[in-house]
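Using the sequences plus the hints, can you model the full thing?
Read in the numbering used here, the sequence shown has 140 at position 140, and its numbers run on one by one without any break.
No wet-lab data here; the hints were simulated from the structure.
One or more of the hints may lead you astray.
With a cut-off of at most 20 Å between alpha-carbon atoms, the simulated SDA-like pairs for lysine to any residue come out as follows [stated by the list, open to error]:
(1) Lys40 / Lys58
(2) Lys59 / Trp84
(3) Lys49 / Lys59
So the derived label-pair ranges between C-beta atoms look like this [stated by the list, open to error]:
(4) Arg222 / Gly42: 41 to 49 Å
(5) Lys40 / Glu273: 20 to 28 Å
(6) Glu273 / Val138: 31 to 39 Å
(7) Arg232 / Lys180: 42 to 50 Å
(8) Ser93 / Gly262: 19 to 27 Å
Glycine residues also receive a C-beta, built at the ideal position from the N, C-alpha and C atoms.
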Amino acid sequence: MCIYITKIYKHRTKHMETPVRRATRMGVWIKTNNTSCLYKDGLYWKGDKIYIPSSYRKKIVSQCHDVRQAGHFGFLKTLHLVWWQFWWPHMRSEIEHYIKECHICATAKPRVRKPLGLLQIISDPNRPWQDIAMDFIVELPSRNRYIVIWIIIDLFSKQAHFIPCKGLPSATKLANLFIKHVYRLHGTPRRIILDRVFVHLLGSSQGLSSAYHPSTNSAAERANAMIERYLRLYISYQQQEWADLLPFAEVAYNNAIHESTGYSLLQVANGIEFVTMKNQRSAADWCT
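Dropping the structure here:
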């Protein structure tokens, strides 16, 4: 799904600059600041990125931070989404200031806590979806009888799937859901990291997550925290449409840049960038 960015070329009023005066002013600014930009198709370009005038920067940052597909993530993840297509001077400081001033983030996100402890040693996977972790978020408000979220994390790329469930599934139902949502896309994993109440699933050897050391299953625990934070940010007062938001939460989570790799989870797992915004390459595109 694309995010249709606010048009950069609106109907002009008598108080606004004409295109010629604007182009002239921007050209003078670019020469004065020794910035190598190219004027093409009614837009200024710096390399393969569109130069954004000051009047539209806040709207661009909002589209890459506030909307459902963006997820209200922090500075680095938001910067990556903006920088992927756009450029302007001092964009890092402006984006950082925007996020610090975000009221929703300030009220809905928990404060950073001390780490739970050292990670327990698990042999590293060498390809996507070779080793996975699972967890549940339970006792949610009923939405079309869905009251549970099943979280499945690839321990190589950290890509995730968020699946709504009508209660905690039995082993048989869990296997059926796994085949429907994971096996058909990624095949059978080598190892599954679960809580102790679960047993071997689909013939995989199971690495048990210690009941007293949740850091063993830390990838799923972090995804739990992200989903809960995401739903707090976007859900209504009645809190009943959470199941409808899961696809957007999954896109936001998987498309966010991972700080340790510098790439999004989808890039690591699939080698491609997921496009969340309409690819507007000319002035005419911005007017549609």
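Now for the hints, and whether the structure bears them out:
A threshold of 20 Å between alpha carbons decides the hint, and for Lys40 with Lys58 the separation of about 23 Å lies outside it, so the pair is violated. Proximity of Lys59 to Trp84 is assessed by CA-CA distance (about 16 Å); at most 20 Å being required, the pair is judged to hold. Distance hint between Lys49 and Lys59 is fulfilled; the C-alpha atoms sit about 16 Å from each other, no more than 20 Å. Checked against the hint of 41 to 49 Å, the C-beta distance between Arg222 and Gly42 comes to roughly 43 Å, which is consistent with it.
Remark: the range hint 20 to 28 Å for Lys40 to Glu273 is upheld by a beta-carbon distance near 22 Å. At about 34 Å, the CB distance of Glu273 to Val138 agrees with the hint of 31 to 39 Å. Distance hint check for Arg232 and Lys180: the Cβ-Cβ separation is about 28 Å, which falls outside the suggested range of 42 to 50 Å. At roughly 20 Å, the beta carbons of Ser93 and Gly262 sit within the given window of 19 to 27 Å.
Figure legend: structure checked against the earlier numbered hints; hints not met, in rising order: 1 and 7.
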